[in-house]
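S.K.: Chains A and B are the protein sequences, given in the same order. The first sequence begins at 350 in the numbering used here and counts up one residue at a time. The second sequence begins at 13 in the numbering used here and counts up one residue at a time.
Do not take every clue at face value.
As the list claims (entries may be wrong) - Residues from chain B that keep clear of chain A, each with C-beta distances beyond 10 Å, as calculated:
| hint | residue |
| --- | --- |
| 1 | A14 |
| 2 | K26 |
| 3 | A64 |
| 4 | G75 |
| 5 | E84 |
| 6 | P87 |
| 7 | L90 |
| 8 | T98 |
Unchecked claim - Residues on chain A that point at chain B, a partial pick, calculated with CB under 10 Å:
| hint | residue |
| --- | --- |
| 9 | Q355 |
| 10 | R380 |
| 11 | F383 |
| 12 | K391 |
| 13 | T398 |
| 14 | A438 |
| 15 | Q440 |
| 16 | G445 |
| 17 | S446 |
| 18 | R447 |
| 19 | T449 |
| 20 | G451 |
Hints listed in this document are in silico derivations from the structure and should not be mistaken for laboratory results. From the three backbone atoms N, C-alpha and C, an ideal C-beta is built for every residue, glycine too.
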Amino acid sequence: EDQVTQSPEALRLQEGESSSLNCSYTVSGLRGLFWYRQDPGKGPEFLFTLYSAGEEKEKERLKATLTKKESFLHITAPKPEDSATYLCAVQEETSGSRLTFGEGTQLTVNP
Amino acid sequence: NAGVTQTPKFRILKIGQSMTLQCTQDMNHNYMYWYRQDPGMGLKLIYYSVGAGITDKGEVPNGYNVSRSTTEDFPLRLELAAPSQTSVYFCASSYRGNHGAGGRNEQFFGPGTRLTVL
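Chain A extracted, bound-state conformation (with noise of 0.2 Å):
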């Protein structure tokens, strides 16, 4: 059975902090990896696929990599405007379009 987890469940960061978020899984085969982001109240707006080790995308202050087991989602510099739950799922190679969530974490960033 596919499992996603992501550490830590909450943090809390002050402006210009950086720091890494971590999504591990285990699947048979990975199609592909997903982050998405959450506002309270509102539905997840996808930001990043990655398909293999070693691959890394980038999008203003976030950067996300991939390994063999885990993916990070990297925030440089963040502002208040990051605070959402940020979302990982997997997508399994016999799994069809199916996606297989982790419980997110939730980031706060304080001014």
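Keeping the supplied structure of chain A fixed, place chain B upon it in accordance with the hints.
M.R.: Chain B alone, transformed into the frame defined by chain A:
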């Protein structure tokens, strides 16, 4: 494009009542999905569809039914509401993606329906 739209935004049901959650997408996506999200938890897949007329169970299908008569619409039916179905429900859609063929398969989500069963 409006993307994925869901109605209603909020609903309170009594135990045993029935209702249908509506979902529509205007991106011509083949695949559509229903998830539920309980407080502090990730999303759990209820049902999904790979095209009109085709549906399949996800991780937590009990107590729900779906239909897919058109590409655009994917309604979720609750027949006998129970307190355990209190949750936020999200509909999503994606291309018939295959990365190897250059397709994209990220899912796009609607704003959600917050359902309370009392």
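S.K.: Each hint should be assessed against the structure and marked as holding or not.
M.R.: Hints versus structure:
1. A14: About 13 Å separates B:A14 from the closest Cβ of chain A, which puts it past 10 Å; holds.
2. K26: Holds, because the least Cβ-Cβ distance between B:K26 and chain A comes to about 24 Å, which exceeds 10 Å.
3. A64: holds (15 Å)
4. G75: holds (19 Å)
5. E84: holds (18 Å)
6. P87: holds (17 Å)
7. L90: holds (19 Å)
8. T98: At about 16 Å from chain A, B:T98 clears the 10 Å cut-off, so the statement holds.
9. Q355: holds (8 Å)
10. R380: holds (7 Å)
11. F383: Hint holds; A:F383 Cβ to chain B Cβ min 6 Å, cut 10 Å.
12. K391: holds (6 Å)
13. T398: Holds, because the Cβ-Cβ distance from A:T398 to chain B comes to roughly 5 Å (cut-off 10 Å).
14. A438: holds (8 Å)
15. Q440: holds (7 Å)
16. G445: holds (7 Å)
17. S446: At about 5 Å, which falls below the 10 Å cut-off, the nearest Cβ of chain B leaves the hint on A:S446 intact, so it holds.
18. R447: Holds. Min distance 6 Å.
19. T449: holds (8 Å)
20. G451: holds (5 Å)
Checked against the numbered hints listed earlier, the structure breaks none of them; every hint is satisfied.
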